[in-house]
Amino acid sequence: MALLKLVPENTSIPFTSMRLVAAVASAALVVASIAAVATLGLNFGVDFRGGVTLEVSDDAPIDLGEVRRAVGALGLGEAKVQEIADSSGEGGGVVVFIEQQEASEEADGEAAQFAALTKVKAALTDLLGDGVDFPREEVVGPTVSGELIQKGVIAVVLAIGMMLAYIWLRFEWQFSIGAIIALVHDVIITLGMFAVTQLDFTLAIIAAILTIVGYSMNDTVVVYDRVRENLRKYKKKELQALVDLSINETLSRTVMTSLTTLIALLSLYLLGGEVLRGFTFAMIWGVLIGTYSSVFVAAPLLLVTGVKRDWSTAAPVAATP
Amino acid sequence: MLQFNRWQVGGVALLLFFGALFAFPNFLSEEQAASMPGFVPQTRVNLGLDLRGGSYLLLKVETDEVIDNRMAGLRRELQREMRPRGDRPRIALQSLPTYNQETTTITLRVRDASQVEDAADRVRDLTREGALSLGLGGRPYTVSVDGARIDVAMTPEAQRYYGDEAVKDSIEVVRRRIDPVGNKEVAIQPQGADRIIVQAPGDNDPERLKALINRTGQLNFHHVDTSISPQDAETGVLPPGRVSFPYAEYEGAGSLVVHEEPEVTGDMVENASAEPNPDGGFQISFQFDGRGARRFADFTRENVGELFAIVLDGEIISAPRIQSPITGGSGRITGQFTPEEVSRTATLIRSGALPATLTTIEQRSVGAELGADSVRAGAIALIVGFVGVIIYMVVSYGRFGVYADLALLANVVLIAGALSLFGSTLTLPGIAGIVLTIGMAVDANVLIFERIREEIAGGKAPIVAVETGYKKAWSAILDANVTTFLAAMIMFQLGAGPVRGFAVTLAIGVVTSVFTAFVLTRLLAGSYLLGSRPKAIAL
Numbered sequence: 313m314a315l316l317k318l319v320p321e322n323t324s325i326p327f328t329s330m331r332l333v334a335a336v337a338s339a340a341l342v343v344a345s346i347a348a349v350a351t352l353g354l355n356f357g358v359d360f361r362g363g364v365t366l367e368v369s370d371d372a373p374i375d376l377g378e379v380r381r382a383v384g385a386l387g388l389g390e391a392k393v394q395e396i397a398d399s400s401g402e403g404g405g406v407v408v409f410i411e412q413q414e415a416s417e418e419a420d421g422e423a424a425q426f427a428a429l430t431k432v433k434a435a436l437t438d439l440l441g442d443g444v445d446f447p448r449e450e451v452v453g454p455t456v457s458g459e460l461i462q463k464g465v466i467a468v469v470l471a472i473g474m475m476l477a478y479i480w481l482r483f484e485w486q487f488s489i490g491a492i493i494a495l496v497h498d499v500i501i502t503l504g505m506f507a508v509t510q511l512d513f514t515l516a517i518i519a520a521i522l523t524i525v526g527y528s529m530n531d532t533v534v535v536y537d538r539v540r541e542n543l544r545k546y547k548k549k550e551l552q553a554l555v556d557l558s559i560n561e562t563l564s565r566t567v568m569t570s571l572t573t574l575i576a577l578l579s580l581y582l583l584g585g586e587v588l589r590g591f592t593f594a595m596i597w598g599v600l601i602g603t604y605s606s607v608f609v610a611a612p613l614l615l616v617t618g619v620k621r622d623w624s625t626a627a628p629v630a631a632t633p
Numbered sequence: 045m046l047q048f049n050r051w052q053v054g055g056v057a058l059l060l061f062f063g064a065l066f067a068f069p070n071f072l073s074e075e076q077a078a079s080m081p082g083f084v085p086q087t088r089v090n091l092g093l094d095l096r097g098g099s100y101l102l103l104k105v106e107t108d109e110v111i112d113n114r115m116a117g118l119r120r121e122l123q124r125e126m127r128p129r130g131d132r133p134r135i136a137l138q139s140l141p142t143y144n145q146e147t148t149t150i151t152l153r154v155r156d157a158s159q160v161e162d163a164a165d166r167v168r169d170l171t172r173e174g175a176l177s178l179g180l181g182g183r184p185y186t187v188s189v190d191g192a193r194i195d196v197a198m199t200p201e202a203q204r205y206y207g208d209e210a211v212k213d214s215i216e217v218v219r220r221r222i223d224p225v226g227n228k229e230v231a232i233q234p235q236g237a238d239r240i241i242v243q244a245p246g247d248n249d250p251e252r253l254k255a256l257i258n259r260t261g262q263l264n265f266h267h268v269d270t271s272i273s274p275q276d277a278e279t280g281v282l283p284p285g286r287v288s289f290p291y292a293e294y295e296g297a298g299s300l301v302v303h304e305e306p307e308v309t310g311d312m313v314e315n316a317s318a319e320p321n322p323d324g325g326f327q328i329s330f331q332f333d334g335r336g337a338r339r340f341a342d343f344t345r346e347n348v349g350e351l352f353a354i355v356l357d358g359e360i361i362s363a364p365r366i367q368s369p370i371t372g373g374s375g376r377i378t379g380q381f382t383p384e385e386v387s388r389t390a391t392l393i394r395s396g397a398l399p400a401t402l403t404t405i406e407q408r409s410v411g412a413e414l415g416a417d418s419v420r421a422g423a424i425a426l427i428v429g430f431v432g433v434i435i436y437m438v439v440s441y442g443r444f445g446v447y448a449d450l451a452l453l454a455n456v457v458l459i460a461g462a463l464s465l466f467g468s469t470l471t472l473p474g475i476a477g478i479v480l481t482i483g484m485a486v487d488a489n490v491l492i493f494e495r496i497r498e499e500i501a502g503g504k505a506p507i508v509a510v511e512t513g514y515k516k517a518w519s520a521i522l523d524a525n526v527t528t529f530l531a532a533m534i535m536f537q538l539g540a541g542p543v544r545g546f547a548v549t550l551a552i553g554v555v556t557s558v559f560t561a562f563v564l565t566r567l568l569a570g571s572y573l574l575g576s577r578p579k580a581i582a583l
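Here the protein sequences come in this chain order: A and B.
Taking the working numbering, the leading residue of the first sequence gets 313, the next gets one more, and so forth.
Taking the working numbering, the leading residue of the second sequence gets 45, the next gets one more, and so forth.
Be careful, since some hints might not be right.
Stated by the list, open to error - Computed Cβ-Cβ distance ranges for the label pairs, DEER-style:
| # | chain 1 | residue 1 | chain 2 | residue 2 | range |
| --- | --- | --- | --- | --- | --- |
| 1 | A | Tyr546 | B | Leu450 | 54 to 64 Å |
| 2 | A | Ala372 | B | Asp208 | 50 to 60 Å |
| 3 | B | Ala231 | A | Tyr546 | 50 to 60 Å |
No wet-lab data here; the hints were simulated from the structure.
Note that the structure is predicted; figures quoted are calculated from it, not measured.
Idealized CB from N, CA, C, for every residue including glycine.
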């Protein structure tokens, strides 16, 4: 049986020669992403912005416009109504998002959110009758939402920091710089994608970004590992040719692993249900960007930072008496 | 590297066996699991609230209240301490002691400079009490004297101690209220310094839970002052020592004026239960403890014919007339209760008062049906993803792809086993973590197989090529998995429920996949190569 080989053996694609094009493309994407986040902003979900998420399902199809009007009439500020597939098949389902309510004289910041939830449920029960069901409710008050933003930022920064330290420990600082630039690149472009699409940015997306950080690092490390090995093997080879060789040697694996991961993720995206969709979408995007960045960003960066050529001698620390 | 001795093979087999053994109960129904022989473990993976439906509440214990109450009490005591007693003279203060909430400090200003030392001694004597019982290793208050001014401040250690106590007590009270029979289905845990997490599976009506939790549960018996009409109470002119309380909703409109100091308080009630009333309807019967019984007997004896009000959280739930002295230490509350109200109120009284207000700061609930849908969707995604990867691996690597697939299967079994063993909670993101692990777990094998291909292309004999492939791929496998593991650890620290579930399965998946992909496939490949010594291998 002939085995499937998506990447032919012994490729010699001059990846690093494309580094200028890649650099321009990456820089443009990063700048565009930063601009998108700055102007459009991220569409923070209830986790980070506080407020109410309420899933509504009914035996009969739900008229989106009616729900919008009913919720809008309550004077609870910005309210979004989104249609979703009703889990039970027939009938309709919508998700209502109410922005965080300001503290008022009657209710402090925490209680105000719950008051809004009660109002919305009452209004929708009036509108849709007794058959209405609320299978999912989420209420996040200002205390928690503030903390979650802080925690999320800390987690991403901490993750990148730990990767930096680990690569430094296992390789050299030049590798570390390249890997971190690639990581930051991935994270910024993922954030940019969320700004452009205005998909809900929730706590689960932070988890997705952290996984992307791990995955992208994983990819980069495999290429770097091969570069290091080749540095030992070919002492005289020109660095650019050596980096190209390393990328080509690992190319088949890079493609293979991206594909198996994408198979799993696509299955989740298409079949895993509404709740996971944003999360898996972020992951799919991250795997694509992460794969691109290890080949076109992280590896060529070694040409910029330069690397130690002679790996055969013992480290200087060990040599001093 | 391809040779495994008997012990190593045995070790691998044993590990897989235990993985399967612990994973096994998850595929049984409750009854089947119960009828299994004793060696089969009973623990199974807990489904998270998002998968089985239920309510999650994050409560904040307002610990500042506890501190403020304590300081208010201390302020009264300090004031009393300045009065003459026996041959001790009175110490005159410039004004009433003041309390600063920000610094948790009570300040006294002594009028006569010659008495400052004396006053400070009395303050020190008073605040020394209880220092030992706290186990703080020091005094709960610091006393400092500056001219005529004496500052009494609660130490940060004592504040933390009282705060922690309030959290512990609150958890006990909440448990008695929402899980009175103690079936442990409801998880109530502290989080951080002043938070409580309540997770109630199956119950997607968080309002009902909160109705029980958020009541302070302060029960008091007050003497009603009928000389002041409720109309006067509404206009707001009440003589000192009198307060007015409104009737609870089901008792009708209006309010009553009562003596501010309660005759008996809820902590003297020993038991309370809901029962049907002989006249139809429902009633709450309760028993006082010894102290409460004595005080209630004295009070009712002296006030036959008068009214007394039973006040729960600032609302009058009943205001009966005292027909005769009640000396038996027990009583009944009758009123226009519905069955729910009567049982809820009885539970409230029985569970005692919360030491502080609990504020709900986060609430999530999922219906059981939606949860079941999520399980189904997750399972389908898992199976489809799994089959997709399996086919792709076989198509790409042939016989070795089959080895990788067997390793993948073993990996899923080990993850399920580990989750059961640790009694971890599986959430929807957790399922996503497993599916993702399936996609990424084959990475180690991909690395190895690609390496073997290169070695074969370099002209090495099969056995040598495979051996070198495993050896050389190890460093990349290790680095790649450590980075993912680190990311999972950080996610776990980040904390919130669903994300944690994802982090746990991802971390477990990383560890098990390194084992199955690196050790198990090597065992399989090794026994094939050493057994049939093929001249060439298809890869």
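Okay, the hints, checked on the actual structure:
1. Tyr546/A - Leu450/B: 54 to 64 Å: The hinted range 54 to 64 Å is violated for Tyr546/A and Leu450/B, with Cβ atoms some 37 Å apart.
2. Ala372/A - Asp208/B: 50 to 60 Å: 52 Å, holds
3. Ala231/B - Tyr546/A: 50 to 60 Å: For Ala231/B and Tyr546/A the Cβ distance comes to about 59 Å; the hint holds.
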